[in-house]
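Chains A and B, in that order, are what the protein sequence lines are.
Everything in the first sequence is counted per our numbering, starting at 1 for the first residue and increasing by one.
Everything in the second sequence is counted per our numbering, starting at 1 for the first residue and increasing by one.
Hints listed in this document are in silico derivations from the structure and should not be mistaken for laboratory results.
There could be a bad hint or two in this list.
A pair holds if it fits inside one copy or across any two, identical chains being indistinguishable in the list.
[To be verified] Using 25 Å as the maximum straight-line C-alpha spacing, the simulated DMTMM-like pairs for lysine to aspartate or glutamate come out as follows:
hint, residue 1, residue 2
1, K46, D65
2, K46, D107
3, K46, E285
4, K215, E285
5, K202, E319
Protein chains: 2
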Amino acid sequence: MQDLERFVQLVLAGHKRSVARAISLVENEAPVKFPLLEALYPHAQKAYVLGITGSPGAGKSSLVDQLIAYLRSMSLRVGVLAVDPSSPYTGGALLGDRVRMIRHATDAGVYIRSMGTRGHLGGLSRASRDVLRILAAGGCDVILVETVGVGQSELDVMGIADTVAVVLHPGAGDVVQAFKAGIMEIADLYVVNKADLPGADKVVAEIREMLDVSKPHAPWRPPVVKTSSQEGSGIDALWQAALQHRDYLQRQGLWAARRREREAEEVMELARDLLVRDLTRRLRETAGSLPALREVREGLRDPYSAAREVAGRLLQQLEGRA
Amino acid sequence: MQDLERFVQLVLAGHKRSVARAISLVENEAPVKFPLLEALYPHAQKAYVLGITGSPGAGKSSLVDQLIAYLRSMSLRVGVLAVDPSSPYTGGALLGDRVRMIRHATDAGVYIRSMGTRGHLGGLSRASRDVLRILAAGGCDVILVETVGVGQSELDVMGIADTVAVVLHPGAGDVVQAFKAGIMEIADLYVVNKADLPGADKVVAEIREMLDVSKPHAPWRPPVVKTSSQEGSGIDALWQAALQHRDYLQRQGLWAARRREREAEEVMELARDLLVRDLTRRLRETAGSLPALREVREGLRDPYSAAREVAGRLLQQLEGRA
Numbered sequence: 001m002q003d004l005e006r007f008v009q010l011v012l013a014g015h016k017r018s019v020a021r022a023i024s025l026v027e028n029e030a031p032v033k034f035p036l037l038e039a040l041y042p043h044a045q046k047a048y049v050l051g052i053t054g055s056p057g058a059g060k061s062s063l064v065d066q067l068i069a070y071l072r073s074m075s076l077r078v079g080v081l082a083v084d085p086s087s088p089y090t091g092g093a094l095l096g097d098r099v100r101m102i103r104h105a106t107d108a109g110v111y112i113r114s115m116g117t118r119g120h121l122g123g124l125s126r127a128s129r130d131v132l133r134i135l136a137a138g139g140c141d142v143i144l145v146e147t148v149g150v151g152q153s154e155l156d157v158m159g160i161a162d163t164v165a166v167v168l169h170p171g172a173g174d175v176v177q178a179f180k181a182g183i184m185e186i187a188d189l190y191v192v193n194k195a196d197l198p199g200a201d202k203v204v205a206e207i208r209e210m211l212d213v214s215k216p217h218a219p220w221r222p223p224v225v226k227t228s229s230q231e232g233s234g235i236d237a238l239w240q241a242a243l244q245h246r247d248y249l250q251r252q253g254l255w256a257a258r259r260r261e262r263e264a265e266e267v268m269e270l271a272r273d274l275l276v277r278d279l280t281r282r283l284r285e286t287a288g289s290l291p292a293l294r295e296v297r298e299g300l301r302d303p304y305s306a307a308r309e310v311a312g313r314l315l316q317q318l319e320g321r322a
Numbered sequence: 001m002q003d004l005e006r007f008v009q010l011v012l013a014g015h016k017r018s019v020a021r022a023i024s025l026v027e028n029e030a031p032v033k034f035p036l037l038e039a040l041y042p043h044a045q046k047a048y049v050l051g052i053t054g055s056p057g058a059g060k061s062s063l064v065d066q067l068i069a070y071l072r073s074m075s076l077r078v079g080v081l082a083v084d085p086s087s088p089y090t091g092g093a094l095l096g097d098r099v100r101m102i103r104h105a106t107d108a109g110v111y112i113r114s115m116g117t118r119g120h121l122g123g124l125s126r127a128s129r130d131v132l133r134i135l136a137a138g139g140c141d142v143i144l145v146e147t148v149g150v151g152q153s154e155l156d157v158m159g160i161a162d163t164v165a166v167v168l169h170p171g172a173g174d175v176v177q178a179f180k181a182g183i184m185e186i187a188d189l190y191v192v193n194k195a196d197l198p199g200a201d202k203v204v205a206e207i208r209e210m211l212d213v214s215k216p217h218a219p220w221r222p223p224v225v226k227t228s229s230q231e232g233s234g235i236d237a238l239w240q241a242a243l244q245h246r247d248y249l250q251r252q253g254l255w256a257a258r259r260r261e262r263e264a265e266e267v268m269e270l271a272r273d274l275l276v277r278d279l280t281r282r283l284r285e286t287a288g289s290l291p292a293l294r295e296v297r298e299g300l301r302d303p304y305s306a307a308r309e310v311a312g313r314l315l316q317q318l319e320g321r322a
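Let's have the full structure, built from the sequences with the hints guiding it.
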């Protein structure tokens with residue numbers, strides 16, 4: 001990239017195609033990745049990141065769709081990062097089942113990006129941090145991070161959010177399932193969606209009960225809000241609850257502290273990724289010339305001792321002993 | 001481990017607690033991991049690995065339960081590796097919802113192991129290969145690898161199987177969903193479970209149609225079998241279809257070829273893991289003494305340039321330039 005500075009200016013100006021291109025460059029591990037993210041980083045600090053997770057079928061996509069409309073009505077710029085660890089696809093165009101959101105795609109103040117698993121060196125949560133910073137630098141005031149399902153990858157991804165909203169709906173076993181899946185530990189607020197269906201109040205009560213039992217003295221008690229994507233109700237309450245949590249973080253000095261603690265962890269992850277990339281390249285160069293790999297391919301040797309030999313050789317080479 | 005040789009003998013004799021302990025040692029990345037797996041490897045070649053995957057609710061666990069009983073009735077020793085990427089738990093005792101299988105737990109010819117995601121350095125599919133070899137060395141003739149769900153991790157795990165059975169059931173959109181999720185590319189045979197429910201024949205027809213369209217000239221056409229865990233029917237047909245695929249692999253010379261190709265890939269993964277482990281240790285030692293990490297923690301610096309510095313320093317150190 002010859003003209004990095006000009007490109008950075010375009011991203012900072014919120015130029016939609018440049019933002020999309022920046023994300024693609026970073027996702028593809030282009031050589032410009034590090035310089036680009038270093039240049040954008042100082043401008044990526046203000047966005048508020050709201051994570052939205054919960055079991056499939058809870059209506060998260062509709063909720064996100066309505067949140068976008070709500071935030072746009074206040075003239076806020078909105079980024080959406082839809083993360084699906086079960087999808088191999090990554091990109092701007094492929095929105096999977098998130099068809100509804102497409103109506104916002106032409107809005108100049110809305111940036112939607114979906115993200116699958118394929119080809120993210122350091123994992124999905126690592127990659128999503130980078131994308132988040134690009135969206136923030138592009139001028140998004142709020143970034144909604146939506147995940148499908150409640151697997152470990154989803155929990156990890158939620159580690160990038162300032163506030164995590166867990167969406168449940170009136171359905172047998174839902175609450176208990178969510179609590180079992182480790183969701184409780186990351187929830188800053190609960191959303192009972194499909195509140196027009198019978199049983200919504202029971203779910204609200206169940207959540208409160210769980211909170212009473214498990215977190216009686218926690219400094220932050222997650223609020224529980226009811227929404228109905230069907231009726232379009234409760235979105236304002238959801239947003240107010242999120243802001244409450246944001247205020248709490250800021251009041252307690254946790255806002256910056258949490259972000260910086262994560263960034264320090266990121267340094268180690270990023271450094272490891274850089275080293276792994278470097279070593280993988282060297283490994284490929286080295287392995288071809290070693291008999292170990294050929295021996296495994298011919299069924300003459302176990303992969304474990306071969307790996308020990310290959311790794312040992314590489315370290316020796318690095319240390320100038322070979 | 002002072003007496004590796006004696007321990008290896010116990011594992012090879014199929015001593016149940018030793019097999020379990022070997023798995024735990026390997027999962028915990030104990031120093032004995034490599035020597036142990038190197039010793040077991042030559043004895044881990046004969047087991048047939050049947051992968052069983054499909055969307056949640058398809059009744060995979062009941063199916064596995066009945067397969068165990070069926071294989072035991074032929075006096076085959078059976079290993080079961082139940083992989084759940086959404087569960088943080090790993091271990092012998094925690095079988096999650098797989099309660100039914102517990103009835104086999106006391107059978108000396110059945111080895112059941114469940115596996116979650118936590119703490120597997122090289123990922124779940126990497127770790128499951130090691131566990132598979134231990135089960136095989138312990139004398140299992142057949143190893144059933146069951147995954148919940150159909151996410152990317154599940155697809156990766158299925159890469160360790162000789163034959164992959166995809167389980168579907170009569171339910172709206174199931175077939176299309178499965179094909180969308182990339183399941184089709186890994187299926188060697190299809191199982192339509194809950195065949196006692198209405199709509200089973202429609203699912204069978206849909207699968208055949210999909211196969212006609214997508215794989216009209218493939219050298220192996222995946223058979224479609226109907227089972228009913230409720231009625232206990234179809235297990236024999238399922239097993240015969242699996243054996244058909246195994247015979248096909250052997251006839252075409254693919255059996256050993258595929259395994260060796262995977263093992264060669266494994267060498268690179270294992271070598272990378274060894275290097276990453278070594279480097280992570282060195283990184284931790286190095287990072288503390290570098291100002292970069294402190295600067296990030298104090299909000300004075302972006303994580304990207306800090307990571308570049310940390311990684312660069314480490315390589316310099318390795319190369320004896322610092």
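List in ascending order the numbers of the hints, as given earlier, that are violated by the structure. 3, 4, 5
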